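Enquirer: One letter stands for each residue in the lines below.
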Amino acid sequence: MSEKVLMKGNEAIAEAAILAGYRHYFGYPITPQTEIAAYMAKRMPKIGGTFLQAESEVAAINMVYGVSATGKRVMTSSSSPGISLKGEGLSYLAGADLPALVVNVQRGGPGLGGIQPSQSDYFQATKGGAHGDFHMLVLAPASVQEMAELTVKGFALADKYRMTSMILADGTMGQMMEPVSLDFETEQAPEKPWAVTGTKLQRKHNIVNSLFLKPEELERTNFERYERYKYIEENEVMYEEYMMEDAEICIAAFGIAARVSKNAINEARAKGIKVGMIRPITLWPFPTKQFAKAAETVKQFISVELSMGQMIEDVRLAVNGKAPVTLCNRAGGMIPSPEQVLAAIEDAAKKGGN
Amino acid sequence: MIVFDKPHALSDAPLHYCPGCTHGIVHRLVAEVMDELGIEGRAIGIAPVGCSVMAYDYFNCDMIEAAHGRAPAVATGVKRSDPNNIVFTYQGDGDLASIGMAETVHSAARNENITVIFINNAIYGMTGGQMAPTSLPGQVTQTSPYGRDVSLCGYPIKVCEMLSQLDGPEYLERVAVNNVKNVKNAKKAIKKAFENQVNGKGFSLVEVISSCPTNWGMTPAKALAWIDEKMIPYYPLGVYKDRSANQ
Numbered sequence: 001m002s003e004k005v006l007m008k009g010n011e012a013i014a015e016a017a018i019l020a021g022y023r024h025y026f027g028y029p030i031t032p033q034t035e036i037a038a039y040m041a042k043r044m045p046k047i048g049g050t051f052l053q054a055e056s057e058v059a060a061i062n063m064v065y066g067v068s069a070t071g072k073r074v075m076t077s078s079s080s081p082g083i084s085l086k087g088e089g090l091s092y093l094a095g096a097d098l099p100a101l102v103v104n105v106q107r108g109g110p111g112l113g114g115i116q117p118s119q120s121d122y123f124q125a126t127k128g129g130a131h132g133d134f135h136m137l138v139l140a141p142a143s144v145q146e147m148a149e150l151t152v153k154g155f156a157l158a159d160k161y162r163m164t165s166m167i168l169a170d171g172t173m174g175q176m177m178e179p180v181s182l183d184f185e186t187e188q189a190p191e192k193p194w195a196v197t198g199t200k201l202q203r204k205h206n207i208v209n210s211l212f213l214k215p216e217e218l219e220r221t222n223f224e225r226y227e228r229y230k231y232i233e234e235n236e237v238m239y240e241e242y243m244m245e246d247a248e249i250c251i252a253a254f255g256i257a258a259r260v261s262k263n264a265i266n267e268a269r270a271k272g273i274k275v276g277m278i279r280p281i282t283l284w285p286f287p288t289k290q291f292a293k294a295a296e297t298v299k300q301f302i303s304v305e306l307s308m309g310q311m312i313e314d315v316r317l318a319v320n321g322k323a324p325v326t327l328c329n330r331a332g333g334m335i336p337s338p339e340q341v342l343a344a345i346e347d348a349a350k351k352g353g354n
Numbered sequence: 001m002i003v004f005d006k007p008h009a010l011s012d013a014p015l016h017y018c019p020g021c022t023h024g025i026v027h028r029l030v031a032e033v034m035d036e037l038g039i040e041g042r043a044i045g046i047a048p049v050g051c052s053v054m055a056y057d058y059f060n061c062d063m064i065e066a067a068h069g070r071a072p073a074v075a076t077g078v079k080r081s082d083p084n085n086i087v088f089t090y091q092g093d094g095d096l097a098s099i100g101m102a103e104t105v106h107s108a109a110r111n112e113n114i115t116v117i118f119i120n121n122a123i124y125g126m127t128g129g130q131m132a133p134t135s136l137p138g139q140v141t142q143t144s145p146y147g148r149d150v151s152l153c154g155y156p157i158k159v160c161e162m163l164s165q166l167d168g169p170e171y172l173e174r175v176a177v178n179n180v181k182n183v184k185n186a187k188k189a190i191k192k193a194f195e196n197q198v199n200g201k202g203f204s205l206v207e208v209i210s211s212c213p214t215n216w217g218m219t220p221a222k223a224l225a226w227i228d229e230k231m232i233p234y235y236p237l238g239v240y241k242d243r244s245a246n247q
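So the sequence lines, in the order shown, correspond to chains A and B. Okay, so the first sequence: first residue is 1 according to the numbering used here, each after it adds one. Okay, so the second sequence: first residue is 1 according to the numbering used here, each after it adds one.
Read the hints as simulated data drawn from the structure, not as lab findings. Among the hints, a few may not be true.
Derived DSS-like pairs (lysine-lysine); straight-line CA-CA distance at most 27 Å [unchecked claim]: (1) Lys184(B) - Lys158(B); (2) Lys200(A) - Lys201(B); (3) Lys204(A) - Lys6(B); (4) Lys200(A) - Lys158(B); (5) Lys191(B) - Lys200(A); (6) Lys293(A) - Lys322(A); (7) Lys158(B) - Lys6(B); (8) Lys6(B) - Lys200(A); (9) Lys201(B) - Lys46(A).
Not close to chain A: a few residues of chain B, all C-beta gaps over 12 Å, as computed [claimed, not checked]: (10) Tyr17; (11) Asn84; (12) Ser107; (13) Thr127; (14) Gly238.
Here the structure is a predicted model, which means the values were calculated and not measured. Note that beta-carbon positions come from the ideal geometry of N, C-alpha and C, so glycine has one too.
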């Protein structure tokens, strides 16, 4: 077994990115993710990489766009208000089919909001997050180990599908310390014949572009992109099932909400309540089939979220009316307690979930 | 015998610019410089949003189309990815001096080793002639129909003068392309701006005072004369910063 080190979630992301071959990082300070930038500022100059503190989130994501256009792996990170600013760049990355890794260590909103953990950027992350038809691969870690692993995985997926992978973490995941093993397989970036690397006067020029003035042509790029998305939905869904074998109540939760829910599930099980959890690891593509399958036997679903109820919409779509789906939530930087989740489970059990 | 040929770095795509527009001249100058310095094969150009949005079709080097105003940030990424790349942005006044001002100022302050070709024609051309950050006081545009009222919309921005106050940039020069003499000077400045990058000297910006006959509502000849009469008195030509010359 490989050696484990004690790291903050944000630092684990930074170190994993370096291991995955990232040598270019652009960012702008914002709580609660600034440790990523600080880590990169220290490490990058020593390994021949680039750390640049951009003048804005907007500039940072466009620097990412530039490096990605040259075919190299590149990332940026921010927190909720900063991700909104990056929206423009995320849309252009999608339009130009450029791979990138973007980390969102979420905090409460809307507006300037607060600096405590939140999951209220779920809609923004999973439904596109900016203008135009597009998706990002959205990965939701629930431990420091997963912060590292999904960072590596995120790079590989971004390159494979020529799109943005977003790590959708939250302030807790970013700030908490856990033992982590950084001993994992990393894949080499694939060949990128589309990249702008200079023609060397040997080939026709490459153009990285998202402008298509002919609607037929623009439509074609959209249909092509959604063919790819369909393939991803079939092949890249990741989730964890916890005590689902005989579950009559199913909790849907990701990130820190799933950690809290596990405690509540263990307590409920001790009281004889048949409750389990489906924890989406990919929020897009969403484990729709898994929830639909669960709905064949589960009598009640509870979506546990650090928001006013966003993922619950995807759970409802998947469950498709076969069972009630209720919300157990806190918002604005507050985290549901295991007691609150347990109470929601007991309430569901009373209503006939068991 | 060929006495006048098209530069290799300029593609065969027909330019979409209006009759009398000076973008074509500046495109040609940039392409000539790429040929003369032998850098086309490692050049990467960044097109803006605006009239020259399709510049990516007109140059034979690798090209990127950037979001409005973000070309210097994209160029920063491209240059940092591989310093051997010769990276230039080609931007208009709305792109560079309005929506992209932060990217412009900070890439200059960092002395990012890139070349910026800045077309100042005092108007938003692509969207049909709205007031630009460089529109002159009193200038009539679609969004200043009674003339630019400086008490309401402020004064034009003199980009070279402003950037010259920074310690960062290597080279800032304003030129024009309204007559043969000015075109020749413009070529020299653009060449120097690329040579500086080849020699690792840093941020070099050439502001090119250009015409927009369509949106100025003038004949091409009258528009060129208007540059002499109105534009150059407000935007004096010359070198605003040249670090190597001072050494």
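Enquirer: Run the structure past the numbered hints and jot down the numbers of the failing ones, going up.
Expert: When the structure is compared with the hints, numbers 4, 7, 11, 12 turn out to be violated.
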